[in-house]
Amino acid sequence: MKPLKNGIFSKSIAFITGILISLIIYFLFTPIKVMADTPYKTFTLDGYGRIVETQTAYIPVTSITKVGELSFKNASDMKITDDEEIYIADTGGKRILVSDINGNLLRVYGEGILTEPTGIFVTEDKYLYVADKGAQKIIVMNPEGDVVKEYTKPDHPLYGAGVEFKPQKLAVDSKGIMYILCEGNTNGIVQISPTDGGTFLGYYGTNITSVTFLDIFRRAILTDEQLAKLPKNLPKTPKNLFIDEKGLVYTVTQGGAKDGTGLRKLNVAGNNLITPDLVDPLPSAVSVGNYENIYVVSEQGYVYEYNKDGSLLFVFGGKDSGRLRIGLFQKAVAIDVDKSDNIYVLDQEKNEIQVFKPTEFTDLVHEALYLYQSGRYEKSKEPLQEVIQMNSLFDYANQAMGQAYLQEENYQVAMKYFRMAKDKTGYSDAFWEVRNIWLQDNLVKVFLIVVAVIVSWKLTKYIQKRNQLFNPIIRRVEAFKNKPLISKLNYTWYFIRHPIDGSYGIKMENKASYLCANILLILFIVVFLINKYGVGFIIKTVPDGRYDIFADIGGIVSAFLLLTSCSYLVCTINDGEATFKQLYSAYMYALGPYLIIKIAIVLLSNVITFNEIFLVQFSNFCLYSWIGVLLFLAIKEVNDYSVKETAKVIFLTIFFALIVVLLIFVLYVLTTQVYDFIESIIREAVYRIE
Amino acid sequence: MNNYGTVLLKKACVCLAILIGMGAILSPVQAGAEESSTGLEEEKHEERYKIDDESKLLNYQTVVNDKVPEGVIFKNPNGTIKGHSLIAESDNYEMYFMEESLSIIIRDKNTGAIMESIVEGDVQGNAIAGWQSYLKSGIVLGLLKGINLSPTIVGVEKATKEVQLLDDGFYAKLYYDEYGIGYDIRVTLSDDQVIVEIPSDSIIEDNDEYKIGEIYVFPFMGHTYLGERSGYMFIPDGNGALIYINDKKGRFSSNFSQYVYGRNIGIDEQSALSLFMDRYQSVNEAENIMAPVFGMVHTDSRMGYLGIIDSGDYSAKIEAYPNGAYTDYNWICPKFILRQVYTQPTGKREGHVIVRQEKRNEFDIRVRYCFVSGENANYVGLALKYRDFLLQHKQIAPKEDDFKIRLDFFGIDKENWLIFKRNVAMTTVDNIREIYGELRDAGVTDIISAYKGWQHNGIHALPIEKYKADSDIGGTGELTKLIKECEEVGIDFYLAQDSLRINPALKNAAFNVVKQITKRVYEEETFKDVFQKFRYITPGRTKEIMDRAAKSYEKSGVRNILLTGITNILFTYTHKGNFYSRVDTANTYESAVADLSGKLNFIMEKPFAYLWKYTNAIVDMPIDTSDYIFTDEEVPFLSIALKGIMPMYSEYVNFEANQEEFFLKLVETGVFPSFYITYEDPAKLQYTNSSDIYSSKYSIYKDDIVRYYTKLKEINELTKGAKITDHRQYANGLTIVTYDNGIKIYLNYNTDNALEADGLVIEPMSYKVGGN
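Quick note, the sequences are listed as chains A and B, same order.
Heads up: the first sequence runs through residues 110 to 799, numbered per the numbering used here.
Heads up: the second sequence runs through residues 122 to 893, numbered per the numbering used here.
Just chain A, with the same shape it has in the complex (with noise of 0.2 angstroms):
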């Protein structure tokens, strides 16, 4: 971990300053007694990834509904300073107004100037920077109000002539430089500098856009005219943009929650730095707080917070649909943060500013972050230990502890707390020591039984060669391995090695039993299953504990009739020569190599760590490979056909089971909707009866 030299200076000026701030704060705040049970739940995630209920992380103490005598109508942004005056877009009243944390009225900008201001941004020295989407202009005012600039669209050529200039939104990093979120404009964030009366620099940070596998059926189908007329697959504007204190630019974009564009922290290459793990689909504003955590706030009402990876701490909030509480919100358009960590949220609706002020146990989260992105893993055990204590399944904490005893060299509980927060790397690097020392204790041990071993199966054989001692015990196996059924149980073994002289067996030498098959298919059910519950941690799909065994049944069984019974029909129909007995057998004994190697996977799995994972992937590859191979070769023998056919034969039969599937699906459909009808028949008739 890469403690973070230069911010340790800064940190540590900012939480000095937050303490002096804080106790002005609290002096200042009327102390309103609000109880932690708030009208909206708290939620954190789990180490899967999902959504667990928490303690409340910040109540709701007081709301802004007028700035002096004045109200705000429809306003749009909203900014706080470092020196905590609140800056409010008023766009229905086409004015800015500054209040302070009380609602007193400080200062009103831009009467008489603004025509429609959508977004603001105050720079460190209190220039005020208008995003005026109405006049299509940013208005710069410096603190007395006076206009001192004004840009509008560039004319540079990379803009784009058809483009209107229209500014919604926007944030300007410590040189002055503008990111402005142009509505209509997809291609991305307008960077002007001030130089030479506002200088284009460029589209900064566009969205990527995800090319769906439809459409690349549609562009090789399509002709050119009708691929005009479909909407066109365009980068999405992002909706709402900020700029933190070291100049990295955050952005959130709606409808972006699965593709990753969702929340974006950008560096100067416009490069995306973080994957936040649960991103709102509708989110409406993003702001930093002051351990570099990002807070992002949806128009639905829930309010997020991450570390500054992107890991999610809490959500809170909720829509306010006629229940009259505190802590609602109807549309929630901005978000942002004052130095003791109160959130401070703007409803367009509403027209109100909800303050919430952080819970105890979120001021030991916050204390834990700071400590651990500081470096003081050793310090940051204890709140972090407090937070695992309040809610277990808190994962951030989990992890952030995790990394802490890494740090330590205490390998053993550090894999405990990855395990424990799911995190799949953290645990592969603490395994990775583990093992370490535990080989560098035990290879001597681990060397002397192996040579053991093997001296002693040498010996074995020795002995036999010359006394034939063992020959009783090798006659009975001998015995038992040509029992019909074991035989054709062995037969397996000879197949995956001999394909082509095996399928001839099953054809000629009935080697196919049903009960043979059978057998090989509880077999394959039971390593199936091994494999899903019992792989190593670092490659499990399935949570710890949990199982879903009778689905997984279901779903094999299933597939696999499935899949047999369409291949025997379209061979059937092919003038294939095989009989559903062969073809079944066939098929199990195809499956012969999954048996015996995944087991070996399986315990491969459970000692290696991501540095080894490609011994497993390549395993896995040659595995399935082999099998593949076999079964073609199974097909095309027992059939009778030419490589030609059985390529054909394998292709329909897919087709054809999908088109199974479809049928049983629409079966299903038809199904519920006649049992729908004669349900509502007889609730209709009941209720006239009465």
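Each hint should be verified, as a subset may be incorrect.
[As the list claims (entries may be wrong)] Keeping only pairs whose Cα atoms sit at most 16 angstroms apart, straight-line, the calculated EDC-like set for lysine to aspartate or glutamate is: (1) K284(A) <-> D234(A); (2) K150(A) <-> E408(B); (3) K369(B) <-> E178(A); (4) K131(B) <-> D192(A); (5) K175(A) <-> D368(B); (6) K805(B) <-> E162(A).
What the hints contain is simulated information worked out from the structure, not anything from laboratory work.
Fit chain B to the supplied structure of chain A, relying on the hints for placement.
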């Protein structure tokens, strides 16, 4: 780095400069503060308040306007005030009456202050047309015309009245020719109470088209206009909340309107769900109103009243209108629901018809207005009146108020596993024994416990029909043994029984389940993984099951039961084609509990007021409110009324994020602490329906349990058996609670400043006990 360092230094200097500037400028601005600024050092700043300056410091005094406007004080009325004639008199109050509007005015004989029930003269300010009737009429009816969704509001002007004056009030028969509706009303003054009665059998409905939907009783009793007066309205939300009657400046466009005893799941649609990620219920339900009370206090004229709905509380709503909501007046009143219009779905997915409720809810209406004056004209006075009422009318049998700490244990819940559901055992009988042993060694001896999830198949195996414990917690025999041991040691050990729900996944829930008025079976969604829906058992069947279970308990000598579910819900329902109103449900529940209250000892979870006489303690007592946007101040009304006569146990401390503050609240209200304990780590519950118990492990809470016990027991030793006589909340975070044995508790909710009161210094976020 040099550059960076300089920039940082600059930033630090700027910050410090701003801080100094702010400190200097902003100090005199602090509301109510009489002194000084903050220092920049990290020392605690001490504020000292003299209590005789309280007029500036009490929270609600921020609306003080010492001048009482014209037309409020009448020293020598000579038999008429504002068109009303004197018709009744008691020791301290007089009642004046005006026939044409059926309105009354109550006058305090000692101070001359009056409270009116209609708006005299012209209506001021904005008043949306159609609301005039409320302003000018003593009783307002909401009539349902056919299947119109909005009721027709009718005042008394159009009715023919037959008024008969009595010694202590009047009796009137009203009839509306136009609508074919009639009713009788009797209003009497006795001591300091005005009693309004409308008997159910006096209600006439001759017309098929018009039927009575709602009745508002004296909607404008004690009303005020905009911010002309000082005072507040009291709503029974949670433990109690106040809405100031100051000028709201158009902030609110709608009113507070809540059912007494919770919403009616049998008829009313649930308010739109706020589902996070379309799956998780993200909003907490508001508290159900537990006591049918409401109030209005004018602090400038020092007169107020507490309204108690004595009869008809099963089907009533409390409505409070701050100025700006439809009119510019502040008013609060009870509204009685006799009939409703609802949508009857005709198909599974679509199609519905609007239907008017056929059968009227039948109940007598009786509202008591208990007036308070002078020193008692505040919410404490109202709470004391409520306490007197409860004791006088035997709504509560006073109980011993000895301090106990509540430790509830969680037994078993189920999770999905392989093909069946398996038990997750969190606390066995042996675990409980061990815990009690350890706590005894630490000095914690006065304990009351409820064991939840003890029954066979765990906490969601409902209903409980017999005494059979799950073998995973030790089995029935062990549990009985534990109960006996607890009796000997003096620990009150209760078994939890939810008598409302039935789990369709574990029991046959096809019959005897509650169907809404639409004849659809009602299903409660849990939004959890294992059991997704629960149904409710019909009250009749609940009674049967409770009787059966009681017999089974008695056989093993089990007497102590924590009753949940039916204690906090009322609904209309249909069963076998018959319609039952909330009144019927309440009566059935009451009789079920009454029949068993001789054989079993009950404690109840959030019980409604009509069940208080059958319970030995109130469990899960709300300490706060539901945070409505109207609420200006939270007051512990219910705790003040009940402290000393009924032991109250709080909601679980485990789930409080601000534990220090919660602790102080317990000290303030006299409510006893409660913990929800499991022996195992609650992470084991993550795949069960109880996954919302995110923190409960005994080993973590042990120290807190001992701490809460020792500190709170200390205080309760001093206040044992005493009742609260005064409660004041100051704007700076100071709260003073006074008991009738002279003990005073001082609390400081301020997080940074120490406060001084009566010679004591109270540190931030702590308390001191004073008095004798």
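Status of each hint after checking the structure:
1. Taking the CA atoms of K284(A) and D234(A), the gap is near 12 angstroms; set against the 16 angstroms cutoff, the hint holds.
2. With a CA separation close to 15 angstroms, the supplied pair K150(A) and E408(B) stays within the 16 angstroms bound.
3. Pair hint K369(B) plus E178(A) holds up; C-alpha atoms about 12 angstroms apart against a cutoff of 16 angstroms.
4. Of the supplied pair hints, the one linking K131(B) and D192(A) holds, its CA atoms being roughly 15 angstroms apart against a limit of 16 angstroms.
5. The hinted pair formed by K175(A) and D368(B) meets the criterion: a straight-line CA distance of about 14 angstroms does not exceed 16 angstroms.
6. This hinted pair checks out: K805(B) and E162(A) have alpha carbons roughly 15 angstroms apart, not beyond 16 angstroms.
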